[in-house]
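Engineer: Listed below, chain by chain, are the residues.
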Amino acid sequence: MQLDFHYYATYCAAFLAGCSHEDSLSIARSAQFVDCCSESFLQGVGGPVSAATTMLQLEMFDANTDPMGLANITRIWASFHFLPGDLYAERKKCSRLYRNKYRLICNPNGALVKDTVELARGRGSVAAGVAMHVLADTWAHRYFAGTPSLAINNTNDHFYELIPSGDGYEERQVRFIHNPGAPDDLEKGVYVNTLYQPNENTVMNLGHGRAGHLPDYSFMLYKYLPAWGGYREILKDNPSDYWNAFCQMVYAIGSLKDPDGHFETDRYAEDEVRPYRDRIRQILVRRQPDSCADWKALGEELSGCRIPDFDVEIYKKEYMEAEKELRDETALGQFIIAALAQKSMVTNRIFSSGSLLAGFSVELKGKRIPGIQDFRKLLEIRRKNHDR
Amino acid sequence: MNTQPVSPGAYTLNNEPEEIAYRRACSTLVSVGWGVLIFMVWSVVKTLGIILINRRQLMESIRNGIEAAGGGTVSDGVIYGLIASVLAGYLLAVLAFRTYISVSAISEGRGRQVFFLYIPLSILYIVNEVLTFITGFLAFTGAAGGEESTSLAALLIELTSFILLIQMVSSARKVRRYKKMITSREAGHAA
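If you read the protein sequences in the order shown, they are chains A and B. Each residue of the first sequence is one higher than the one before, starting from 1 at the first, in this note's numbering. Each residue of the second sequence is one higher than the one before, starting from 1 at the first, in this note's numbering.
Please keep in mind that the hints were generated in silico from the structure rather than gathered at the bench. Yeah, the Cβ is synthetic: ideal placement off N, Cα and C, and Gly gets one too. Please note that a few of the clues may not be correct.
A few chain B residues that face chain A, going by a derived Cβ cut-off under 7 Å, partial list only [to be verified]:
#1 11
#2 13
#3 15
#4 20
#5 23
#6 24
Excised from the complex, chain A in its bound form (with noise of 0.2 Å):
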């Protein structure tokens, strides 16, 4: 998914929920920056590096494929934009190591996606934003793991677009090439993706780098080949798959609101929706490639208000400005605090799974350890918290 659904679809989706103007965007701000905070950006403000929720192209270049460098590929990338459906689920014939990557999967409607969303009650909305982004990107991202690898993650020639036509579908074999610079040509149907690399652990083989930006439009509709599917054609159905985050996101969003609520997975706001269906149907199958233009004049009719177009810096001017022990005060500092709190939930459930991809974790809770890099500025919270 890209600033289209992540900042104005759910703004819109916030909206919709119940929350003003000034929360909505709150919340769509923090959902939007979870594709900005990455390691270099935090260096440049002086902020944690542990609590980056993606990877800059040239991080990734740079970024080491030792077992400790996919342990932070892994938790950066199944944290926030590639949750694992099911960490329990089963394959015959199989190896351990192929096994837990395959656990790693992303997949709505999973255990994760509750963790995530009660995760964020009564955190405030920059603590729901970073559970919108993630429960938005279960949708857009399934069928592909957080983890490099080519033995989950690739893709092969069997690759369809399916264009609607008539009643029906025209299949149009798609066509991929690797140059990073390149934009999609959505009318002859070419697309860049990452190059093949016969390595499993690879960063071209993580996530859905080689199905390219195809999961993040939200008009395509396609079949392909996943390389964990046994030769079985798969439909990914983005259009129903964006509805149903968008509804998705009205539900949770309306459960955050109160602070003993709890959030169900598989239960859509779909009534409250409803008055909206076609004009959103209408965006979500628009043959283009951004629809901000069209979510955002959504979003002003429905809150009257302006959209501002999102910026970094409003995030990273407050926290440079603000004294050293205020900045968690500030919605970056918020911001680092869910983020972190994500990330070290998702990395225990990973590591209680049984799997060491996304590194080793203890449950450091009410434990009187000093703590790995991860967990120390939850810590330093929890501590205070403690000490209040």
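Got chain A; can you put chain B on it based on the hints?
Structural biologist: Here is chain B on its own, set in the frame of chain A:
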């Protein structure tokens, strides 16, 4: 339960068992096609190595042959030229042959139409590989009476090359069989 889909209509995926088997066979055919192409490098290196190591004996036997045939004395340059031209011809033929069968296999695996001849030619090549392997094995064990001139590594490479070719022919046959089944099923549906 998910919400009502917003996509214009339903689409049925084709995951019939023979379709899955066909895709699997195609994938294997493409992989082994690349394998055969890569092993071509080994054939070239091996031939050049044999010629290089045995160049003195080879030159001597060519010179003796020419003299015995009444051709008189010939210079080293002429013999070198003769070896080079025969070698170039041989290598070109091997390269063309292997490239043809491997590229055909890759093309068929990718669903393109290819000339059927590549399968009989592959079988011919398998026979050649069997003979090469037996000769190598006899040389390795010393049963041929000569010196032990073939290493175990070389023997294993020959064996791998042989297995690749067998796998290629087997996959090509599977691809055709499943394709036939799919075509007849589709024709049945159309009727």
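Engineer: When the hints from earlier in the document are held up against this structure, which numbers fail?
Structural biologist: Violated hints: none; all satisfied.
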